[in-house]
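Colleague: What follows is each chain in one-letter form.
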Amino acid sequence: MVKEGGNQAKIWRVRPEWPFLLFLVFAVAAYLGVLLLLVGANVLTVSWRQAGEVLKDPNIQHSIKLTFVTCTATAILSVLVSVPVGYLLSRYRFRGRALIDTLLDIPILLPPLIVGLSLLILFNRISPSASCWILAGGALAAAGWGFGRGENGIVPRFFTGGAIVFGFIAWAFGGSDHSLEEVVSEVGLPMTFHPLGVVLAQFPVAAAFAVRTMRTTFDQISPRYEDVAMTLGCNRGQAFMRVVLPLAGKGMVAAGTMAWARALGEFGPILIFAGATRGRTEVLATSVFLEINIGNLPGAAALSLLMIMLAVSTLLVVRFLAGRGGTV
Amino acid sequence: MLVLEEVTVQAGQFVLPPFSLEIAEGECVALMGPSGCGKTTLLETACGLRRGPAGGRIILGGDEVTNLPPGARGIGLVPQDVALFPSLKVREQLEFGPRLHGWNSVEIMQRVEGLARDLGLENLLERSPGKLSGGEARRVALGRALALRPRLLCLDEALTGLDEARHEEVLGVIRKMIEVEGVTALHVTHSKKEAEAIADRVVMME
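Sequence order for the protein chains is V and P. Following this note's numbering, the numbering of the first sequence begins with 1 at its first residue and continues without gaps. Following this note's numbering, the numbering of the second sequence begins with 1 at its first residue and continues without gaps.
Keep in mind the hints are simulated off the structure, nothing from the lab. A portion of the hints provided could be inaccurate.
[Said to hold, decoys possible] Over 10 Å on every C-beta distance to chain P, these chain V residues come out as not near it, computed from the model:
| hint | residue |
| --- | --- |
| 1 | Leu-80 |
| 2 | Leu-89 |
| 3 | Thr-102 |
| 4 | Pro-128 |
| 5 | Arg-149 |
| 6 | Leu-196 |
[Said to hold, decoys possible] Label-pair distances were calculated between CB atoms; the ranges are:
| hint | chain 1 | residue 1 | chain 2 | residue 2 | range |
| --- | --- | --- | --- | --- | --- |
| 7 | V | Gly-265 | P | Gly-102 | 47 to 53 Å |
| 8 | V | Ile-100 | P | Gly-161 | 34 to 40 Å |
| 9 | V | Arg-97 | P | Ser-20 | 33 to 39 Å |
Glycine is no exception: its CB is placed at the ideal position from the N, C-alpha and C atoms.
Could you put the whole structure together from the sequences, leaning on the hints where they help?
Modeller: Below is the structure:
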């Protein structure tokens, strides 16, 4: 009942929400405006005729082909690595997990040039013997850390075995003064300033993104499925193959797409490690760089637009998979 | 059939004090207790889904299974969230265990048809888990757990989340299947009514 003349409640005054809404719209519009201007600047710089000429250039056609091949190879390699790494990080709780998690992010955090420079030094200044000693030392440190914390399971023993194997290989290579590049070239897999090196230069960052995607994918798959599968007679590997992997299909496609898109945009490591030799190690990102270097701005803009279209297409694929119940 | 001898479990900060339990062959025991007392942890330890217990022994059908992997224990599990494999149809869910254990196709077919008949799943065999109701999903999970004729059936709050009508229906099916299959059962629940309706004996955890 409403009391008359008393201290009755009136309709409360609430400040209008339009200023906040306007602020949100302004922030989004400003950001999208910048992106639109970036794309628009390329569009205004290039004509259809110029774009056609650039795309008909045999060197550019080779660059497009090499981009597709290397990005696809990198994406496949990234998925192959990210599935076990993502699963391990998602399902197992062990000492050193946080450290591994941090190490896996290093390729994302490092300036791209440093990835390329590190690859260049590793393959051309460090001998296979030294590389193996580094790996043996790392494995020995991991094993020692595990044993030191009272672990006596298969993991520290695995690292001990790894240290012994790498130590033996380092000893076997001890007399050789060849570089790693010379050794891999001898077995038909040259890397430095070679198309294969493009894949190696794209791989570290692309794989880091794929690992993140796969880890999220596995986090979203209930471990209960594996529990039930194991009570029905599966070991962990069988449970993974029969139950988890079929559920991770969309996540794997998303991880591959993400790695593909990331590899497409890679430039610094490719330039340093694989070079930008026309018709040999040139990919789209380096083509843009080379076109700018020779003063062909419309050509560079045309290639930029092509890369933007490819990047947007791959993002749309990822979004589509996420919308269809994918775990991205 | 199942003997838990002074079983102690450590799971992170949680420590389950020594717990003993004996279940006779064909008996159905309901394990009750307040939330967080370790009912599910104990059930998972019995199933082998946690690292071997910190102490004590688990004996199943006269064999010590304390450190055996889950698949070697002969236990069927119906978890709280049912966990039907999303990529498999109902028939494939029921065939999963027998196929893994190398049964021949005639044995598998007979077993699946028998279970489908007893559980009222004949018309659902070609359905995906996403198209099943809560009650139907429970019946499929029960069939999957029983397909290998386990020595022990573990039900982990398997009726949680069902409305009253479905709850009664699934309760009836579980009771019937325990009788038909003659299986020993351990049923973790927090519902006294459910425990009394299904179990021969109720054990309280503190």
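Colleague: Please confirm whether V/Pro-128 is truly not at the interface, meaning its C-beta sits more than 10 Å away from all C-beta atoms of chain P.
Modeller: holds (40 Å)
Colleague: Within 33 to 39 Å: is that where the Cβ-Cβ distance between V/Arg-97 and P/Ser-20 falls?
Modeller: At 35 Å between Cβs, range holds.
Colleague: Is the Cβ of V/Leu-89 farther than 10 Å from every Cβ of chain P?
Modeller: holds (18 Å)
Colleague: Is it the case that V/Thr-102 keeps its Cβ farther than 10 Å from each residue Cβ in chain P?
Modeller: holds (22 Å)
Colleague: Can we trust that V/Leu-196 is non-interface, i.e. its beta-carbon lies farther than 10 Å from all of chain P?
Modeller: holds (37 Å)
Colleague: Does the claim that V/Arg-149 lies outside the interface with chain P hold up, using a Cβ gap greater than 10 Å?
Modeller: holds (16 Å)
Colleague: Tell me if the beta carbons of V/Gly-265 and P/Gly-102 are separated by a distance inside 47 to 53 Å.
Modeller: The hinted range 47 to 53 Å holds for V/Gly-265 and P/Gly-102, with Cβ atoms some 50 Å apart.
Colleague: Over 10 Å to the closest beta carbon of chain P is the bar; see if V/Leu-80 clears it.
Modeller: holds (21 Å)
Colleague: Please check whether V/Ile-100 and P/Gly-161 have a Cβ separation lying inside 34 to 40 Å.
Modeller: holds (37 Å)
Consistency with the previously given hints is maintained throughout, with no hint failing.
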